[in-house]
Amino acid sequence: MGDGRRRLLRNLWASLAVLATVAVIGIGLPAINALLPAARPVSASEAYVVAAGVSLRPPVGARVDVSRTAPGPHEGAVLLLLGSVRYAVVITPYRGTLRGAAARLRAKIELIRGAHVVGGETSVATAQGVAGRAGTYESPNRLGRYAVFVADGLAVEVTAAGPMPDFRAALPAVLDSTRSLSFRSAS
Amino acid sequence: MTAEPGPGVTEATTGASSAPIGRASVASTERPGTHDRRRPTTQTSPTAQTDRTAQTSVAVRVRGDRAPVGLVGKATTVPIRDPRGAVVPTPPGTSGRNSLRLPAFWLLVTLVAVGAWRVIAIASTAFAHFPVATATAAVLFVLYAVPFVIVARSVDFFEREPPLLVAAALAWGAVVATMTALSGNSAARSILAKLATPAFAVTWGPAIIAPTLEEILKTLGVVVVVLVARRQVNSVADGAVYGAFVGLGFQVVEDFVDACNAVAIAGRGDRVAPVIVTFLLRGFLGGLWSHTLFSALAGAGVAYYVVHRRNRSLRRRLVVALGAIAGAWLFHFVWNSPWFVTGFGFGGFGVLAGLIVKGAPALILVALFIGTASGHEADVYLGTLVALSDPRIITTREVAALRTGRRRIAARRYAYARCGRPGSVAVRQLQRAQAELALDLSRGGRDAYPLRLRVLVQRRQLAAMAHPEGCLPPGRRRDWGAIAVVAALALVIAIALTAAVQLVATR
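Going line by line, the protein sequences match chains A and B. In this text, residue positions in the first sequence follow our numbering: the first is 18, and each later residue adds one. In this text, residue positions in the second sequence follow our numbering: the first is 34, and each later residue adds one.
In isolation and in its complexed conformation, chain A is listed as follows (with noise of 0.2 Å):
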């Protein structure tokens, strides 16, 4: 074998382990990921601590989502998952008025691929008093519901969307679950 081609050869291998290592990144990372289950129980008799002190008590019968789910001290989310349906709430630092936390969310529902807002909105709240607003949207084949709410400082974004028959089934434990919401110190 001459110089040239085991130089060649070299390269050859150099370049399969550098690929290899790409391709254990890039593609065996999120192999791995996919077969390591996500979804842990959690008690619906207690109430789960999201982020920023604000709380909920998760539906009967919920998992949540640890790849998905984020704590922190100032910002955070979880995600649940009721059967098929994705219950998730998102909290986040917000200074703005409870409208413009609404324009906010249904900007970023309207940049799902397919999803778009249906009907207007209407005012709730939550059982410790804290007003939001709520709203529905679809994405093919696929109902969701959403609701905002504003108070000490923070926003709380929260959607749930899942196939037509399954969603209507969770859609009560999700609207129970929602205003159950609780911040630390409610405005």
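Please keep in mind that the hints were generated in silico from the structure rather than gathered at the bench. You may find that some hints are simply not true.
Said to hold, decoys possible - Chain B is nowhere near these chain A residues, computed Cβ spacing over 10 Å in every case:
hint, residue
1, Val-39
2, Ser-60
3, Arg-80
4, Gly-100
5, Val-141
6, Ala-144
7, Ala-151
8, Leu-192
Claimed, not checked - Derived contacts from chain A toward chain B, CB cut-off under 7 Å, selection only:
hint, residue
9, Ala-31
10, Val-35
11, Pro-47
12, Arg-121
To be verified - Listed next, the stretches of chain A that the computed footprint assigns to chain B, with coverage defined by at least 3 CB atoms under 8 Å from CB atoms of chain B:
hint, segment
13, 23-29
14, 72-79
We treat Cβ as the ideally placed atom computed from N, Cα and C, and that holds for glycine.
Based on these hints, arrange chain B on the given structure of chain A.
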């Protein structure tokens, strides 16, 4: 002042460079009484030759393998050989076409194409929703890259890396490393949340996952450059340059994607405020000690492994290379860690202090490391000029002024102060011509004849302006210009932080 001809001079006299230099000495550009470079004892500087009233004479004294360069700062010497083996010159006749046969080249092309397709998809989606904000982000972060390119190129002064290889390093960082990290980071964070807790993943995920995956991916960019064009990686400084460009590509695209995400998350339509906030926070406050710096360190380690393969043991090379990569990881880890994020309870300025505490040590240590490596490289190239013992090619004071980017700029400023812009331009061109001659001599001196003529022409231009040397100002001890730049930078950072905090508060 006399000196015995040392071995370095003998080597230069009889070496590969002797023929073209000999031809140059009879060229028409020479003055009568052509200087005989075989007389390696004492030469008076062109200052003395052409401007007898202006300056004192300066001689290059060659002793053994070293020549003194002690006029500025700490006395030092320039080796006229390369005892450390710090530079492995590119062999003459090396062609880029050879790379086309290599599997690594096609791997690079394929991965860059795939990565570019993904980046374009992300950018076009963002542009479809937020055209003004996306365009602003693109322009801002491209402009942001300019000073980094200038600094990286100043490290690269003597032996400029081929533009195509620099572009390849930049592209690897910008599209291959970023897009792979995008998938990998998200999956790894999710795995961490599943195996530990979501709270742990939120707090420590960025510190553990991002440095691990991103530093590996970016270092692979330098490895691919080595695989594609090993002969172009001539020194540790070269590795730092390629690493810096990989890191810069990564930094720019990551910040651009973050800015687009910030616009979407803000949910207020096509507004540039989130872009500005991202630019200030990530560009100014985090930019100095970010990917460009980390990858430059890792790249230097890879280059050490490659360059010293003939004069260092495998074990030592592995230790240095892995140590440099580990250093990059550690600096990245500290930067991404949750330490000091509350700013010690002192609000915005406390946060600024926390950022400096976390980032400045990395900046200082890596700058020192790369500065040392770059200095070693400069010494080797300068040594080839010093070995000529010809003050029309280079004087002792010019050797001192050519060694670092800051000094080169100081020499140009000095010329500007004495002769205006033409003087500054002429010194820059002289420095460039000297660097190219040094590089050519290190590679066998095939083009030394025309390059030497270029130096002599530039020298004559300077002499005509009564400023015959591209040297530092006399009595220069402290680089006040650099200090002013650092102070101005600190001020800009403080202002940027204040503006960023205000913008975030009004979001």
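| message | Taking the earlier hints as the rules, which of them does this structure contradict? | response | Of the numbered hints given earlier, those the structure breaks are 1 and 14, listed in rising order.
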